[in-house]
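K.L.:
What follows is the residue order along each chain.
There are 2 protein chains.
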Amino acid sequence: MTKPESRKSGVAAMSSTGKCATSAPANAQVNNGALEPGCPDQSTYIKANVMKQTSRESMNWRNSGEDCEVYDDGTNTFFWRAHTVTVLFILTCALVYVTLLEETPQDTAYNTKRGIVASILVFLCFGVTQAKDGPFTRPHPAYWRFWLCVTVVYELFLIFILFQTVHDGRQFMKYIDPKLGVPLPERDYGGNCLMYDPGNTTDPFHNIWDKIDGFVPAHFLGWYIKTLVIRDWWMCMIISVMFEFLEYSLEHQLPNFSECWWDHWIMDVLVCNGLGIYCGMKTLGWLSMKPYQWQGLWNIPTYKGKIKRIAFQFTPYSWVKFEWKPASNLRRWLAVLGIIFMFLLAELNTFYLKFVLWMPPEHYLVLLRLVFFVNVGGVAMREIYDFMDDPKFHKKLGQQAWLVAAITVTEFLIVVKYDPNTIMLPIPFFITQCWFLGILLIFTWTLWRFFIRDITLRYKETRRRKQEVPSDRDRSLGNGNPSTPSGRSKLNGSSETVRQRKS
Amino acid sequence: MTKPESRKSGVAAMSSTGKCATSAPANAQVNNGALEPGCPDQSTYIKANVMKQTSRESMNWRNSGEDCEVYDDGTNTFFWRAHTVTVLFILTCALVYVTLLEETPQDTAYNTKRGIVASILVFLCFGVTQAKDGPFTRPHPAYWRFWLCVTVVYELFLIFILFQTVHDGRQFMKYIDPKLGVPLPERDYGGNCLMYDPGNTTDPFHNIWDKIDGFVPAHFLGWYIKTLVIRDWWMCMIISVMFEFLEYSLEHQLPNFSECWWDHWIMDVLVCNGLGIYCGMKTLGWLSMKPYQWQGLWNIPTYKGKIKRIAFQFTPYSWVKFEWKPASNLRRWLAVLGIIFMFLLAELNTFYLKFVLWMPPEHYLVLLRLVFFVNVGGVAMREIYDFMDDPKFHKKLGQQAWLVAAITVTEFLIVVKYDPNTIMLPIPFFITQCWFLGILLIFTWTLWRFFIRDITLRYKETRRRKQEVPSDRDRSLGNGNPSTPSGRSKLNGSSETVRQRKS
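Top line first, the protein sequences correspond to chains L and R.
Going letter by letter, the first sequence gives residues 0 to 502 in my numbering.
Going letter by letter, the second sequence gives residues 0 to 502 in my numbering.
Looking at chain L on its own, in the form it has when it is part of the complex (with noise of 0.2 Å):
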């Protein structure tokens, strides 16, 4: 994976300085955006004007792992500064007028939930001004700043309800809409799962027609928007069928998993989340094709040319293929199974969040939750992939990624805490057996792989690299492998040689 770095930052020094790069001595080009000590007029005269604030976090990423080629030209206007002071100078005004001006309230109840939302304003001033970029820069990146201070925000409020007790957290909910903190209706589930139904005469198919309702676009728009997180086909399919196969085995927990098998297998997996899919696929084909050439739009001649680079600033700035590679070696794989799981079980919080927070399912809550969830998982995924695959080996986990995993963690504690009762409702002792079956296959299969099948290979190898000493020197050094990647070269990553010279 190595990058096009140098033609990149010569593209990037190019623009951002004009003329004098080319007579700057090469190894004090562009670092991090500082102009070359060389030419101090023509310095001055690009700080006043082009670079007022040079985008260090954008230059920096742009270096740190895309495979796309980028062309920015450097345009740094209003837009795209971070105004800090400027957004001090309003926080003040607005602080002065709302605590000297106006009168408070002598109720402590109201002032006490005023103070709590004051302080998680200033927070988010603070936050959406300074807080540490994340890899996305498009639309803004102000406004990846901001989903990374509702993340805090919501784990932190999450832990302040895992600390309660059940009545007194459930009661809590009252405080953020009255109507909350009231037991949920028992709800009947299942019962005729005829798709042709003779008893009933006027619409044999009625049951398909009760089926087709509002969470069928959900489901499709769901499986779209996690295509293009994840940015995996096999992931993605993998997840979608492990979900049908949780709903059924937790159908006797919470009675809305239990669902007629052609609404499992044909309209969720197949129709929904498989026509979500291959959309996501789809776009993510064109978003990997698309040209990344980010030109200031006062620089964009025409008008349609304009309104197309305005339509585009909610594209993203460039873009990485995630090749996960799961097979390639260990770390990789419990990486990958890791991912899995915290998927599923996100997935799962959706459902037993609701039921013991006492949540009605169409409550704005729980919609917030999921555009929430939209919006970071993103940048949670990006970062994980970047963690698992940066081959400067960083070794730090994503801010959003580590705030997701914390939260996914704290809701699933929520769970347990509140309701153990349901979760801990005995499976039943054929689902037991299928899971049972299920974990002994990924075991051996982690076993064989990673363990027996290498140790082999590598004894065969070192015997057959001792035999044929000259010839493998001369294909290793010319590195001219002709065969075209091929689905199973991309699981295995860089153990492709080694099967290839098994083969």
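By construction, these hints were calculated from the structure, which means they are not laboratory data.
Incorrect hints may have been included.
Put simply, identical chains are the same to the list, so a pair is met inside one copy or across any two.
Within a straight-line C-alpha distance of at most 27 Å, the following computed DSSO-like cross-link-like pairs (lysine-lysine) qualify [unchecked claim]:
no. : residue 1 : residue 2
1   : Lys173    : Lys112
2   : Lys178    : Lys131
3   : Lys178    : Lys353
4   : Lys173    : Lys210
5   : Lys320    : Lys281
The structure displayed is predicted, hence computed values, not measured ones.
Assemble chain R onto chain L, guided by the hints.
P.N.:
Frame of chain L; chain R shown alone:
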């Protein structure tokens, strides 16, 4: 302010990439610690061994403003990594233990407190591992990330207090310490100011001995640290003297500002503050002269060297001399005035805040606030200096400076809201006159220095240039300015050349 960037990055390249750097293309050398694409084998080796986590941040700021030379062998051991996953794991375990294995008490108030404390702790866990790094890295970046998070928590706490009624806010302090929330006893200040009191036969100097208490070393230490923070003799002296003037002006509001004249000027300004500033300046001199060579502890052969290295871990990574140059242009002049204003406001807040929130002066929260400001003020001042001085003109005020400014403002707003009567006590006429005169003087000087004088100078300059075009061009091209920089040149900076031509 051209930095020896090429040489520095050369050193970094040498030390972090070994032999490989010499054969790499010049413009792909070290870009944020990226390894050159030319030599994959070498890079894999280094990846696994030395650069387990190339500290991108430290590489960044190594290039961002210090004047001294820094040598760093790039050792990046366990001590330096962020341990994001480890912290996440330990956090999860702690949450599981506390919330699932311990029984939750039925006391709502206790649980609320516990929930808030837990939220703060989780926030600290997140922040210490993940927050954006500031300009300081010694003794460890996590130390400064910790203080950044504390700053956020403190600011949010202040905002919350600000939104309560006066009564509720004072009573709220009881949650922190049940002994608080009680009106302070009236104290008797002032009194006999005779240095030699003939009335007291046993010890006529008893007035002096009375004043020598725990506050003398506190004043000394405080000003020693303030000098390290401000790094400028003149600004320290101005703030020190200005504060005594403020004490004179405000002793009708807060009685503990009233002191004897010799306590103000001899004990405070001359002895305590003066000695503190003197020692601070000596330390600054040492810090700006000392070599900055950072070797990994295991690379040092001798035992004595290792101990010295550990001790030096508590000295800065590199050193930036602050040259505030207030008279160089209008922006800097206003910025320096603003800094002095905010500094004095923060000092006054110390006294007013404990007065309005009924905090006894010896309470540990008062001391904690000072410890907090000592840790945070240095970072904030450095960030303000970078913001003002950065030749790259980032135009982004540092996060810590932003927060410290917000905190100072919020503290002041709390004072105004909680006790408007004290703040509004009419200032004696004589003092109003003095302040009016002072402000008028500053205003006049500003007007003369940056508007009138510059216009006349520019006029004379252009007239002179027209007369002596050839000789002038020679001088400016040769860049031969033989005069050594005087104290005045430090003040004026870039306008030096203009004044030279005038004389």
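K.L.:
Compare the structure with each hint and give your call.
P.N.:
Hint by hint, here is what the structure shows:
Taking CA atoms no more than 27 Å apart as the test, lysine 173 paired with lysine 112 passes in both settings, with 12 Å inside one copy and 19 Å between copies. Within a single copy, lysine 178 and lysine 131 get their C-alpha atoms no closer than 37 Å, and across copies no closer than 40 Å, so neither meets the 27 Å cut-off. Only within a single protomer do lysine 178 and lysine 353 lie at most 27 Å apart by alpha-carbon distance; the minimum there is 14 Å, versus 42 Å between protomers. Within a single copy, lysine 173 and lysine 210 get their C-alpha atoms no closer than 33 Å, and across copies no closer than 57 Å, so neither meets the 27 Å cut-off.
Within a single copy, lysine 320 and lysine 281 get their C-alpha atoms as close as 13 Å, which meets the 27 Å cut-off; across copies the closest is 56 Å, which misses it.
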